[in-house]
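**Q** Starting from the known structure of chain G, arrange chain L on it as the hints suggest.
Letter by letter, the chains look like this.
Number of protein chains: 2
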Amino acid sequence: MSRSTGFVEIYDSTLRDGAQARGISYSVEDKILIARKLDELGVQYIEGGWPNRTNPGDMEFFVRARNESWKNAKIAAFGSTHRAGASAEQDSNLRFLLDAETEVVTIFGKSWDLHVRDVLKCDLDENLRIIESSVKYLLKHGRRVIYDAEHFFDGCSADPEYALKTIRVAEQAGAEMVVLCDTNGGRLVSEVQRMVEQAKGALSIPFGIHAHNDSGMAVANSIVAVEAGAKQVQGVMNGFGERCGNANLCTIIPTLELKLRRECIGRDRLETLTEVSRFVAELANINHDHRQPYVGESAFAHKGGAHIDAMMKNPHAYEHVDPASVGNARQYLLSQQAGSSAVVHKLERLLPGVDKRDSRVVSLLEKVKRMEFEGYSFEAADASFELLAMRGLKLYTDPFEVVSWRTINRFAANGVADATASGASALESEAIVKVRVRGEIRHTVANGHGPVDALSQALRKALETDFPELADVRLHDYKVRDLSSRAGTAAKVRVLIQSLDHQTGESWGTVGVSENILEASWEALVDSLCYKLMRDRPTRDDGSPLSAGAEPPAPQG
Amino acid sequence: MSRSTGFVEIYDSTLRDGAQARGISYSVEDKILIARKLDELGVQYIEGGWPNRTNPGDMEFFVRARNESWKNAKIAAFGSTHRAGASAEQDSNLRFLLDAETEVVTIFGKSWDLHVRDVLKCDLDENLRIIESSVKYLLKHGRRVIYDAEHFFDGCSADPEYALKTIRVAEQAGAEMVVLCDTNGGRLVSEVQRMVEQAKGALSIPFGIHAHNDSGMAVANSIVAVEAGAKQVQGVMNGFGERCGNANLCTIIPTLELKLRRECIGRDRLETLTEVSRFVAELANINHDHRQPYVGESAFAHKGGAHIDAMMKNPHAYEHVDPASVGNARQYLLSQQAGSSAVVHKLERLLPGVDKRDSRVVSLLEKVKRMEFEGYSFEAADASFELLAMRGLKLYTDPFEVVSWRTINRFAANGVADATASGASALESEAIVKVRVRGEIRHTVANGHGPVDALSQALRKALETDFPELADVRLHDYKVRDLSSRAGTAAKVRVLIQSLDHQTGESWGTVGVSENILEASWEALVDSLCYKLMRDRPTRDDGSPLSAGAEPPAPQG
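So the protein lines, in turn, are chains G and L.
Here the first sequence stands for residues 1 to 557, where the numbers follow the numbering used here.
Here the second sequence stands for residues 1 to 557, where the numbers follow the numbering used here.
Be aware that one or more of the hints could be misleading.
Since the list gives no way to pick one copy over another, a pair counts as held whenever it fits inside one copy or between any two copies.
Below, a list of computed lysine to aspartate or glutamate pairs in the DMTMM-like style, where the Cα atoms sit at most 25 Å apart [said to hold, decoys possible]: (1) K231 <-> E191; (2) K37 <-> D268; (3) K259 <-> E191; (4) K259 <-> D113; (5) K200 <-> E227; (6) K121 <-> D322; (7) K140 <-> E101; (8) K303 <-> D118; (9) K259 <-> E197; (10) K259 <-> E227; (11) K303 <-> E348; (12) K165 <-> D118; (13) K231 <-> D125; (14) K165 <-> E319; (15) K369 <-> E297; (16) K313 <-> D118; (17) K434 <-> D91; (18) K121 <-> D91; (19) K259 <-> D159; (20) K369 <-> E271; (21) K74 <-> E282; (22) K313 <-> E126; (23) K231 <-> E282; (24) K367 <-> E297; (25) K303 <-> E29.
Worth flagging that the hints you see were computed from the coordinates, not collected in a lab.
Just chain G, with the same shape it has in the complex (with noise of 0.2 Å):
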């Protein structure tokens, strides 16, 4: 690799432009906690919200952020330019800006005609008087300004001189740097080449990027900015924001650093990105896309059987960037087109040095290659097939055995379902377990919201006095799938179970299939716990305890 072509700076808006998300509400907490995050990670600034008297706790994380110590970034606060028909001293919104008491503050000012006339509502000369008291009351407070061109493409497009004027004014009243934004996101990314050469033309200044991705093009309009010259990039992790979001800093920050060798985070931080992109998806409550480029669980994780094949010949073969450079993984996953490379893979991932010639191993994977026609799948269900593993390799035995369950369903219209059934609900279910433990019989009832709940609270019931770390396991995610129409399979069904262990964070996935819904349920239930019960106590067949963590001993052939 060459030497780094210049630097770029990250601007992270995660905590003000990405909290306008659908489904999005940080705490301030949240806000701190993530912040670290980002300032671990290595970004230049911190965009921490907008303070103003509609949003109170924008303003209570500047108060918190301010004892904080920040290693690398920069906090901004952001807010608009003074309102039309006032002064800047007069203004509430300034004055907020200045209560947040950052050393950088950015302000979005107006370039589109459209927007001056019909939403501030005044002339185009106002405007431009607007921006400019603006940025010196900001000055004069001992700020540096940091000035976004809102719908700078779009008034770019509809009245370029005027667009031009605007940031021209921008800079002459002392900003230091003038962003250009695609506040919509709707431009292209040949228009966005060709007005960020307008820009250029027009200021002396550096210029940055700030993106919406409403054409699926935010990612792609930044690191063109970024050819053109921009000297910051505007973003949000995950690519989080209103509409169709902020440009993407988990995919912007390794294209800068590994492809264009524009140094931003550095490498050695670059490693961190996957775990930090997870970070803030979870402190969000939104499930981490696992196709996102870069960061994604399947951003490397190969399918197709020709692919896995060649994979192996040369792993440049169907990978872009090393994986472990932005500290994600390469993954085979299972599936009927994968052929048994993918499964030797994970085995020897689970048991290094595992000797695939040994006997167990051999029917191991005919085992496999028989559930895979059966309807199994383990792309997803990593649980069940470290499960069958180590069974089949005589490594765990399950600490108890299924006698029986049963389910009762109850439904009446007249609302009473039957006599046991709870409040006024006209509907029932009803599940009960007998398993054996230890040489003893548990035999439990537990009612549920549906027979599957109603399964795995009878069968929690009955294993909670000899495994009381069962409480931790949660079930937060449940699928099933028709396979009646899939060659080999008459009728049957697939389900797949995601735990999560409240305690310590990690999930896992199970898988069972049967013609019977409820009985693939049980076993991706049962896998679920056994799991959980594998980790906590790895056992020998004798009873031995197994060497803790994920690689037990190879077997010896």
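**A** Relative to chain G, chain L alone:
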């Protein structure tokens, strides 16, 4: 809007490259249903699969596709050039391609020297001969050939002379189109712009683009290729695909139509794009990405207060295109005014000329909104929507009434679940159903492969004497979606049932939502049978028959 500036072909690979996505495995029936939707949408090519020994389902699709009548699309079979060290005549993969009996065959060959040496393991000249003889072989057998230049951009970066030679060979051998592929998805817009020009200089036949999204640039790379002259875009609905996915046709198509003014599916059909996008996600059993450009639920959802204020003043303020142009709707998240224009659109199709001010229509719209909030989705459940509308407008009444149902499911490890269990099975599902038909109670019991099948059998048994036509209905797909991570729906599941009339070949979808999987299934099950009864014996409230067919008279206000 100015007039079209030229035509661009859409080549859809949802069923082939899109099926490489993690978690996707379509049944043959799914593939037929999706292909029909794509044909209605107006794409020019539907790539049906890769017919070979390891994909029997793909060959079955091609057999079934022959008996369908396609209005707009040509079905294409996909495969590779023949193996190194063999001749085209001996190659089983090419034979399978002919067996698919499609007018168009797409084959991919190697452009990247690394792949020729390390994956094909042959010399560079032999690869050229392989490309030539594979294309010629298919032409000799009367096929039109599209040549996919796999890894073209990586090859063009490593050894441009050789990469260009490979595509010239394909042209000289008789391919009608060369498609430049960014197979690893790692290329930047600026690189694609440069290398497309190189390819253009080397070819005299039209070229296309096939991009993957590993750098988040698949859409932008496709669009810049079209701006540089590409006549075909290959992609996948919703961007599904291996790793980070393929170029998203749901973003590319509207960008071509609305922004580049290139005709591909036409403005009228563009208005069905949102519906088709959601339909494909439903059949893939993958949550529809709400942030997806143009077609996502949040794509035109405004949350920021300032944005909403501005939108009220001028709808162009924060929208890059009119949401109706792609069949989507504007939403204001703060005011909770979710747009119902999609429903109005659907209702208008069902009852042309319906009066939107009719109080029954107004209350129907409110009901649909409430149900969607609760987790219902009618995208793949037209029959449930039609029943809801017809019941709500008092144009249809169910000819039976559910009194009660129950299911009992028993499992025993010793192999005898219950004295009544048939044979040696350890598992038994039994359902008891009580319905009222024409004032009389029908009380039945039946076994089934699982509780849903048992309920279905018992319900049919209860209705078969009165409605013998129900014997024609098969439940041929059953899907369950967990809604627990969706805001506003705690621990709910959505069940989708696809039914087929095996006399007429007609199929329809129904939906149920509940915390209890059996209740949700029952709801979809009842709708499935009611739809058949409504189609065959339409009646008004007063018992008089409705006019037959899909267009009953519009209610008068």
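**Q** Each hint needs a verdict: does it hold in this structure or not?
**A** Hint by hint, here is what the structure shows:
{"no.": "1", "hint": "K231 <-> E191", "verdict": "both (19 Å within a copy, 21 Å between copies)"}
{"no.": "2", "hint": "K37 <-> D268", "verdict": "within (15 Å within a copy, 48 Å between copies)"}
{"no.": "3", "hint": "K259 <-> E191", "verdict": "both (23 Å within a copy, 11 Å between copies)"}
{"no.": "4", "hint": "K259 <-> D113", "verdict": "between (37 Å within a copy, 21 Å between copies)"}
{"no.": "5", "hint": "K200 <-> E227", "verdict": "both (12 Å within a copy, 24 Å between copies)"}
{"no.": "6", "hint": "K121 <-> D322", "verdict": "between (52 Å within a copy, 23 Å between copies)"}
{"no.": "7", "hint": "K140 <-> E101", "verdict": "within (14 Å within a copy, 76 Å between copies)"}
{"no.": "8", "hint": "K303 <-> D118", "verdict": "between (52 Å within a copy, 19 Å between copies)"}
{"no.": "9", "hint": "K259 <-> E197", "verdict": "both (22 Å within a copy, 21 Å between copies)"}
{"no.": "10", "hint": "K259 <-> E227", "verdict": "both (11 Å within a copy, 24 Å between copies)"}
{"no.": "11", "hint": "K303 <-> E348", "verdict": "within (18 Å within a copy, 43 Å between copies)"}
{"no.": "12", "hint": "K165 <-> D118", "verdict": "within (19 Å within a copy, 56 Å between copies)"}
{"no.": "13", "hint": "K231 <-> D125", "verdict": "neither (29 Å within a copy, 46 Å between copies)"}
{"no.": "14", "hint": "K165 <-> E319", "verdict": "between (45 Å within a copy, 24 Å between copies)"}
{"no.": "15", "hint": "K369 <-> E297", "verdict": "within (14 Å within a copy, 35 Å between copies)"}
{"no.": "16", "hint": "K313 <-> D118", "verdict": "between (61 Å within a copy, 6 Å between copies)"}
{"no.": "17", "hint": "K434 <-> D91", "verdict": "neither (60 Å within a copy, 57 Å between copies)"}
{"no.": "18", "hint": "K121 <-> D91", "verdict": "within (17 Å within a copy, 71 Å between copies)"}
{"no.": "19", "hint": "K259 <-> D159", "verdict": "between (35 Å within a copy, 18 Å between copies)"}
{"no.": "20", "hint": "K369 <-> E271", "verdict": "within (21 Å within a copy, 45 Å between copies)"}
{"no.": "21", "hint": "K74 <-> E282", "verdict": "within (24 Å within a copy, 44 Å between copies)"}
{"no.": "22", "hint": "K313 <-> E126", "verdict": "between (65 Å within a copy, 19 Å between copies)"}
{"no.": "23", "hint": "K231 <-> E282", "verdict": "neither (30 Å within a copy, 43 Å between copies)"}
{"no.": "24", "hint": "K367 <-> E297", "verdict": "within (19 Å within a copy, 39 Å between copies)"}
{"no.": "25", "hint": "K303 <-> E29", "verdict": "between (40 Å within a copy, 22 Å between copies)"}
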